[in-house]
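Q: Residue numbers (numbering that gives the first Met the number 0), protein chains in the order written: chain A, 0 to 635; chain B, 0 to 230.
Some clues are possibly wrong.
When the alpha-carbon atoms are kept at most 20 Å apart in a straight line, the in silico DMTMM-like pairs for lysine to aspartate or glutamate are as follows [stated by the list, open to error]:
| id | chain 1 | residue 1 | chain 2 | residue 2 |
| --- | --- | --- | --- | --- |
| 1 | A | K364 | B | E133 |
| 2 | A | K443 | B | E61 |
| 3 | B | K145 | B | E133 |
| 4 | A | K631 | A | D574 |
| 5 | A | K559 | B | E68 |
The set of hints was computed from the structure by calculation and includes no laboratory data.
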Amino acid sequence: MRLPIIGYVLSDVIVSWIITLIIGGFLLWWLTAKRKWPLILDYIGTTDNRKIGTMYILFAILFFIRGGMDAMFIRTQLAVPDNDFWVFQADKYNEVFTTHGTVMIFFVAMPLLIGLMNIAVPLQLGANDLAFPYLNAISFWLFVSGAFIFNMAFFFNAAPNAGWTAYAPLSNDTFTSGPNNNYYIFGLQISGLGTIFTAINMIVTIARLRAPGMKLSRMPLFPWATLVTSSLILVAFPVLTVALLLLMFDRFYGTSFFGGEFGSPVYWQHLFWIFGHPEVYILVLPAFGIFSDIISTFSRKRIYGYTSMVISITLIGLLGFMVWAHHMFTVGLGALANSVFAITTMLIAVPTGIKVFNWLFTMRKGVVRMTTPMLFALGFIPTFVIGGVTGVMLAVAAADYQYHDSYFVVAHFHYTMIGGTILGAFAGIYYWYPKMTGKMLNEKLGKWHFWLFIIGFHLTFLPQHFAGLNGMPRRVFTYTWEDGVFLFNFVSTIGAYLMGISMLFVLWNLFKTHRSGTSSVDGDPWDGRTLEWTTDSPAPEHPFPNVPVVDRLDAYWYAKVNQTNLPQTKDVRPDPISIRTFQPILLAGVLMVMSIGFIYHWMWLQILGGGSVLAFFLIRSWTDERNEAYRKGEKS
Amino acid sequence: MKKTGWILTLFLLSGCSLRVLDPASPYADKITRLIYLSFGIMMLVFVVVMILFVHFLKKFHETSDRVDEIPVDESGNRKLEITWTVLPVLLLVILAVPTVTTTYQLTSGASQGEGGQDKERVIIHVKAEQFRWEFTYEGGEVSYDKLVLPLDKEVELRLTSEDVIHSFWAPNLAGKIDVFPDKETRLVFTANKLGDFQGKCAEFCGSHHALMRFETTVMEASAYETWLQDQ
């Protein structure tokens, strides 16, 4: 469709403009009518870990809807051979799968997990907040800023289109000119910065703010997973930053890191996967931590083989840095490189297997309660094992020459990412919902959600293994009858719709929980084992006026069993200081302005945005919210 | 899981002729064997996990008489944990040995460009560009999106790209090899079945990546010569 001034725009963009305007208008009206603005301002200015965690999850759900709709368009276009669904062919289809992948990884999976870490990790440690509350708010708003930059692209008819892996030279300005992939670079760059800050924050929190007596060997497994994941982030994300910066220079200033006489497109692949493979462990390890806590709680038993669980996640984290080239088996790196990376990849199966058996044996001789969080944890085990075994099959380098870039791979990583990360995030949300909001989500609707989701999931992705084996490459917008993959794709599409429908139960559940005026639950609705359940629901801003003293793993549980109370102390490190500030959102805003300046090559906006960012750095360098607390401390 | 059971059966019935598992060259045949081996070992693991999973759930789920039961505390079991560390390592060794040997056989076959057996090989230059395949034969004959190969003769493909990265994939005949703008990659295999086989670009390469296909026809050596002369 050709519009005056704007130019040529496809109808899907116009439809989404209209829908966004309608929903946006309705939201504005609703917020005003219900007098919600003070609440919103309160959340925007907060540095409280629970509120920030909740916002992470809310935004992740928003982007989940976006990425999910992309998935629906993909599956509808692929439902039958030679299909012409709406506009989703060729370039448009490429944009859709690019945004689907990028959004789901960076703006859904990451914030879901970081949100849960924000909510649960300090509580499980007996800490009153993260170590750096102000930095935490910065991290969050940088994530929002990056996500908005990335998602904005579609509305300006310039969605990134080189795949979430953005392989050079396709992602160079020679082959994808226009602002599209600039959005990709800046969206990831800014949100990635936020992720790095979060990692630092988590590491320091875990190192410094554990309750008295909570040695690392008595720490629950979710904080352990968070610690390992944060360390991985600290090493892996800067590699992405470097890669994106080099790509930006290639696109903007005519350097030739990934092409030309001295550069090579393979350099991009190395850099991307040196980040990219640790990234998948960054995504799955926190989920492992969540499952460990949940399986233990709902089996009424301590986690089986605690020490080997800790060693396993650490090993997985370390090995995760030594396997990146298994994404590049078909590049022609040579037999030696392929063999070495095949073996390191296979090795990861060992610690992962140890974890699976430990989870199973945690349930043995226990009392397994089938609550919604537990159902998700149980659904995870077979699903993730399928994803794991296909992972080992993919590690067989020679066989990967066949699987590589086919639907077999698509099926594999959805089994690990949805089966691990997304099921883990759902489990965590149902589990810690009382800590977030003070209410329990409806169990019956939760179970509907689980069953529809898990059945839909297997229907969608199991057939894709076979489509891949029958020669269907990934990232294709169509196929023919002769390809013999119609049945697989058709079933897959049905499954995808089922997953979509299951998400409606989540929305209904949220609506019902907050509508019906259900009363708040007490601090320990699940009969939990770790310190978060000693606080009120929802967790107050200052949850531990007196910090519990811990003498073993799951100390709260054993105190309950022995019908005693956990001893408490006031003699702890000073609490992090929470303040009310609008600097983080403003900083994120000016970074976004600067990014738009770069995306569209508007020099004046780059200078304006960059100058403002520097000004923020200066302001921050000369403020220290601890001064007031110091003064108070000196007086007393 | 029950649902997936019957679907699996359905797919296995229709899956007997999946292209990757229907090799038409010794190269593809080696990979097929490797796939079956790894699938077998992995199914063993999956079945063991599932048996434990179902058994534990059946036996230990909460029943009305166990609502208040507090199970006996146990922290782990060294022997069991060693078992499920060592057994997977053994399984992986069984898998790793053929993996490495096959990887060496297939990969070095592709890189030994100037080897002694060169004269025996039919050398075909492949040029990939958005979104078309160009095949140049030894006598300078050229065909587009159609590759013709002689039966039972070793073929060496020398692949380059005009623009972005592509990937050459004819699943019945061989695994993928990426095609780069800045270097030449090679793929060596011997087709041992007559017929037409699908080929596709397997590395996302832009707007019409999905349409960047080619057909491979394997013919008797004599028919191949005649076909070349007609070009």
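Q: Out of the numbered hints, which ones does the structure contradict?
A: 1
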